[in-house]
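Residues 3 to 571 in the numbering used here are what the sequence shown lists, from first letter to last.
Read the hints as simulated data drawn from the structure, not as lab findings. All clues stand as given, with none of them false.
Computed cross-link-like contacts, DSS-like style, restricted to lysine-lysine with a CA-CA straight-line distance of at most 30 Å:
{"no.": "1", "residue 1": "Lys410", "residue 2": "Lys379"}
{"no.": "2", "residue 1": "Lys221", "residue 2": "Lys411"}
{"no.": "3", "residue 1": "Lys90", "residue 2": "Lys147"}
{"no.": "4", "residue 1": "Lys221", "residue 2": "Lys122"}
{"no.": "5", "residue 1": "Lys90", "residue 2": "Lys179"}
{"no.": "6", "residue 1": "Lys411", "residue 2": "Lys481"}
{"no.": "7", "residue 1": "Lys468", "residue 2": "Lys485"}
{"no.": "8", "residue 1": "Lys198", "residue 2": "Lys180"}
{"no.": "9", "residue 1": "Lys505", "residue 2": "Lys436"}
{"no.": "10", "residue 1": "Lys468", "residue 2": "Lys481"}
{"no.": "11", "residue 1": "Lys463", "residue 2": "Lys481"}
So the derived label-pair ranges between C-beta atoms look like this:
{"no.": "12", "residue 1": "Val431", "residue 2": "Asp226", "range": "41 to 51 Å"}
{"no.": "13", "residue 1": "Arg142", "residue 2": "Arg349", "range": "47 to 57 Å"}
{"no.": "14", "residue 1": "Asp226", "residue 2": "Arg340", "range": "21 to 31 Å"}
{"no.": "15", "residue 1": "Glu466", "residue 2": "Lys184", "range": "40 to 50 Å"}
{"no.": "16", "residue 1": "Cys335", "residue 2": "Arg142", "range": "36 to 46 Å"}
{"no.": "17", "residue 1": "Gly183", "residue 2": "Val276", "range": "26 to 36 Å"}
No experiment lies behind these values; they were computed from the predicted model shown. Think of the CB as a built atom: it goes at the ideal place given N, C-alpha and C, for glycine as much as any other residue.
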Amino acid sequence: MASACDFSIDDIEDMVSASDPTPQERQAARKSVVPRARKRKEQFVSEELQADSVIPGTQKVWMRTWGCSHNNSDGEYMAGQLAASGYKITDDPSDADLWLLNSCTVKNPAEDHFRNSIRKAQEQQKKVVVAGCVPQAQPRMDYLKGLSIIGVQQIDRVVEVVDETVKGHSVRLLGQKKDGGKRLGGARLDLPKIRKNPLIEIISINTGCLNACTYCKTKHARGDLASYSIEELVERTRQSFQEGVCEIWLTSEDTGAYGRDIGTDLPSLLWHLVEEIPEGAMLRLGMTNPPYILEHLEEMAKILNHPRVYAFLHVPVQSASDSVLMDMKREYCADDFRRVVDFLKERVPGITIATDIICGFPGETEADFQETVELVKRYRFPSLFINQFYPRPGTPAAKMEQVPAHVKKQRTKELSQLFHSYNPYDHEVGERQKVLVTEESFDAQYYVAHNKFYEQVLVPKRLEFKGAMIEVDIFEVGKHFLKGRPTDNSEPFTPSIAAPLRKGEVSGLTQERSALLANGSQGPLPTSSPSCTGSLIASYGPDREGLKTLGWGLALAAAILALLLEKLY
3 MASACDFSID
13 DIEDMVSASD
23 PTPQERQAAR
33 KSVVPRARKR
43 KEQFVSEELQ
53 ADSVIPGTQK
63 VWMRTWGCSH
73 NNSDGEYMAG
83 QLAASGYKIT
93 DDPSDADLWL
103 LNSCTVKNPA
113 EDHFRNSIRK
123 AQEQQKKVVV
133 AGCVPQAQPR
143 MDYLKGLSII
153 GVQQIDRVVE
163 VVDETVKGHS
173 VRLLGQKKDG
183 GKRLGGARLD
193 LPKIRKNPLI
203 EIISINTGCL
213 NACTYCKTKH
223 ARGDLASYSI
233 EELVERTRQS
243 FQEGVCEIWL
253 TSEDTGAYGR
263 DIGTDLPSLL
273 WHLVEEIPEG
283 AMLRLGMTNP
293 PYILEHLEEM
303 AKILNHPRVY
313 AFLHVPVQSA
323 SDSVLMDMKR
333 EYCADDFRRV
343 VDFLKERVPG
353 ITIATDIICG
363 FPGETEADFQ
373 ETVELVKRYR
383 FPSLFINQFY
393 PRPGTPAAKM
403 EQVPAHVKKQ
413 RTKELSQLFH
423 SYNPYDHEVG
433 ERQKVLVTEE
443 SFDAQYYVAH
453 NKFYEQVLVP
463 KRLEFKGAMI
473 EVDIFEVGKH
483 FLKGRPTDNS
493 EPFTPSIAAP
503 LRKGEVSGLT
513 QERSALLANG
523 SQGPLPTSSP
533 SCTGSLIASY
543 GPDREGLKTL
553 GWGLALAAAI
563 LALLLEKLY
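Input sequences plus hints: build the corresponding full structure.
Laid out in structure tokens, this is it:
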């Protein structure tokens, strides 16, 4: 779908659409102006005002996000800002005026789905805004021509970009957030957001990383490490619990590298955060690469033993062959990974270690692959993400000699069969566990809870369990789950210090404004409550709403004036 104009800007100003005459056309028109005789009986034809197409903030937006929890957090922030500005977030893509597609660049299939969604939107004559790692890394791709783009560090300007897109403009904001020349972690953490799950807050603690893995495309989009301050993260955690959240997820491209750019480290952040977690609530730590966790193993073991922190860590190994790891530029050897796992298993009894493995990386021999197989046999990881290698355009690995496709497929199949050959939870049948209930199962038959080791426990669907800590007896296990029966004398304990927001409700707004949005009102934000930040008021306050009202008024006045002039002449 071609757009009216296509340009990259830092600020959205002085925009014209393709239907507006150019200065040269205006000058030429002056020379050919001929006075016209008055027509007394010419019939006035009234055109219906297409306000929805020209007045931003009244349209429906459908969002789709692919990829990691960091990307999901970005999507929640973008949805919240749009809703706070008057847009309606809809679950029905066919009913939407605009599609906001938040992409992932890790694998080819994810980008293929993203590209296909763009094509579908264009076929249905929808306005399109794209975001996420794909357009940030490759904004000049042919299939992105003419589309508006929100860069990964520009999500706080999503309203501006959507406003201009619904008016027919193409806007691209791809710059970096900086303060005094120093790159920041990204947009502010106190922006409005709509949590996909009102009970779970996803907090990005940093963006980018310190590595240069030869297969990784995400680095092209997220860049080098940039961390949020401990103070910002503590404040965001507090706000989340005040809004009824009972589980915090910390996320980034590499949580273990947190703080190295600002003179602090991950354990220092975590000790501050656990002080904010109310009893019965839990914190889950995100992915960390082996090099940056090695020097903090003692402190990390203490933190993972804390009663309000899940004894869970995601440490991608990718391969157990040092030769392959060197070609990947992973900056550690297989023994480093083993040291991390062995230490934590000894100091944090029962800990869940999740890991990732790439099958068929360029140059991987059968002997290399068998080293990886032996690693899985040794540790019997309960959570294992197996990925067949896909060469990503623009990465060094894409230029290396590739392993034949049928070999990659066979190795992926062999490792998958090994993973499914063991049952990691058999020993837990008969145990009594405390679990935190936060979700509903995909088949809607159970509530989903997690125990101390972040293992998935299915429990009966009773409304009083949602968002509560309960005690259960494990009576059945499967490959990916346990089933728990609530104990007779167990009373659900709700850890939240406030009632959770309703599904779809905007975080960070006053109760008055939330009620207005729920009722479909697009009135101005109230400015009296201290819980509504000054910057939020400045961005989405009366000035913006006043402009909408003014637009309606001017359009109506123009129509009335045209009618009066027609009658006079």
